[in-house]
Amino acid sequence: MDREEAKRILESYRLGGKDSHDPIFADALRELERDPELQAWFEEKEKFDALMVQKLRDAVTAPRDLKYEILAHRPQRARNIFAVPWLRPILAAAAVVVIGLGVWQRFAAPRNPVRNLALQAISYTNEMPSLQFVCFDASAVASWANRQPAVRKAALEIAKPGTNMDMKLIGSSVVDWNGKPVLMLCLQNGKQMAMVYLVRGDDFQIKPNSYEMIEKNGWVSKVSYSGDKAWVLTTKGTPADLNFEVPF
Amino acid sequence: MPDDFEKFVEEHYQPAFRFALSLSRNHDDACDLTQQAFFIAQTSRRQLRDRSKGKRWLFTILRREFLRTKRHEAVRQRYDVELEGDDSLLISVDHAATMDAKSLLTILQGLDDHFRLPVSLFYFEQLSYKEIADILEVPIGTVMSRLARGKTMLRQRLESERVTQAGKIVKISEKGECQNG
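Going line by line, the protein sequences match chains A and B.
Numbering-wise (my numbering), the first sequence opens with residue 17 and increments by one.
Numbering-wise (my numbering), the second sequence opens with residue 56 and increments by one.
Since the hints were derived computationally from the structure, they do not count as laboratory data.
Check the hints yourself; a few may be wrong.
[To be verified] Okay, the calculated bits of chain B under chain A, using three or more residues with CB under 8 Å as the criterion:
| hint | region |
| --- | --- |
| 1 | 59–69 |
| 2 | 83–96 |
| 3 | 144–153 |
| 4 | 156–166 |
| 5 | 180–189 |
| 6 | 198–205 |
The beta-carbon is built from N, C-alpha and C at its ideal position, and this holds for glycine as well.
Whenever a hint applies, use it, and build me the whole structure from the sequences.
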């Protein structure tokens with residue numbers, strides 16, 4: 017290594033011998049011991065470096081308020097409440113309660129599919145569902161309904177409507193509830209209207225001989241079971257408004 | 056009770072500002088750059104796995120952010136500047152000691168980016184050539200060359216400035232004598 021190359025390398029050598037163990041300086045430091053001229057240059061270099069470090073550091077000081085500006089404009093983030101030691105047992109207890117309630121609701125709470133079906137009927141009727149077929153000839157409505165593939169597949173066909181009944185069959189639709197076919201039949205008598213929803217009992221976990229009557233928000237719905245089908249009769253009003261005979 | 060980020064700011068905002076000033080050469084830009092770098096550091100703090108490298112990481116953010124903001128005016132300056140004259144024109148330590156810190160800083164700030172940044176990191180922060188290479192994302196050999204050349208250029212310019220100032224003092228002195236006489 018020549019003197020100029022040693023100088024080039026030693027310019028990166030820091031004050032206070034911080035780099036004395038760095039092998040990249042080893043050859044240059046050995047050269048330094050052999051070459052008095054290089055040694056003189058190095059001493060001058062060390063003095064100059066020390067002077068620059070001291071003078072330049074004094075020359076630049078960050079504005080006093082910079083630190084506060086940085087902290088004031090730091091991105092806000094939600095505090096990690098799990099990092100608060102005294103909150104941990106409370107959070108753990110709350111988590112156990114929430115999980116327990118979920119499990120209880122899923123497995124232990126009494127499930128009432130009949131009631132659920134009645135409620136679904138009220139909810140659906142309240143949304144004013146449209147009729148796919150409307151006709152004041154009840155027989156024609158029944159024929160239309162019985163021709164629908166989903167009705168036939170699910171064996172939801174209805175009998176020929178009777179005559180001289182309080183409520184007349186005026187329209188029908190085939191709808192889908194939770195992936196199961198439902199035959200909707202619209203009955204009318206003057207201003208009163210009612211919906212009959214006919215489903216397969218198995219599709220909605222309705223057990224034979226089930227019965228349920230519920231009222232909700234001015235609506236009434238009655239579920240009854242016949243054969244392997246569940247009938248859901250729904251209308252606006254009270255249970256008394258369901259005291260009519262279904263025409264089929 | 057200060058949190059981790061407050062400690063981080065307390066520990067590094069002064070060196071960060073110094074480096075930002077070396078990058079931008081403008082006081083207000085340096086303040087903005089420092090704030091922005093800390094903002095980025097806070098939002099991406101998960102990237103910092105080794106806390107002992109926090110300062111180096113912050114400086115890298117500073118430099119990248121500076122380059123990002125200056126990209127539109129990125130006119131690459133030539134850095135293979137020929138050294139001016141020979142070693143006889145380097146300022147001596149004794150003469151340099153007589154110069155005030157602001158003049159030294161002004162002359163350092165006048166160096167080309169490629170020399171100013173490694174020299175600033177070397178003098179301001181006493182960083183090793185390896186740490187400087189990491190921050191500036193250049194090879195180690197390049198840093199060593201730029202340090203050597205940058206320090207030589209600094210001493211040459213300081214000497215040139217000293218001679219110019221001495222000339223002015225002589226002229227003022229001569230002028231003063233004529234007026235008084």
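Item checked: Unmet hints by their number, sorted upward, for this structure -> none
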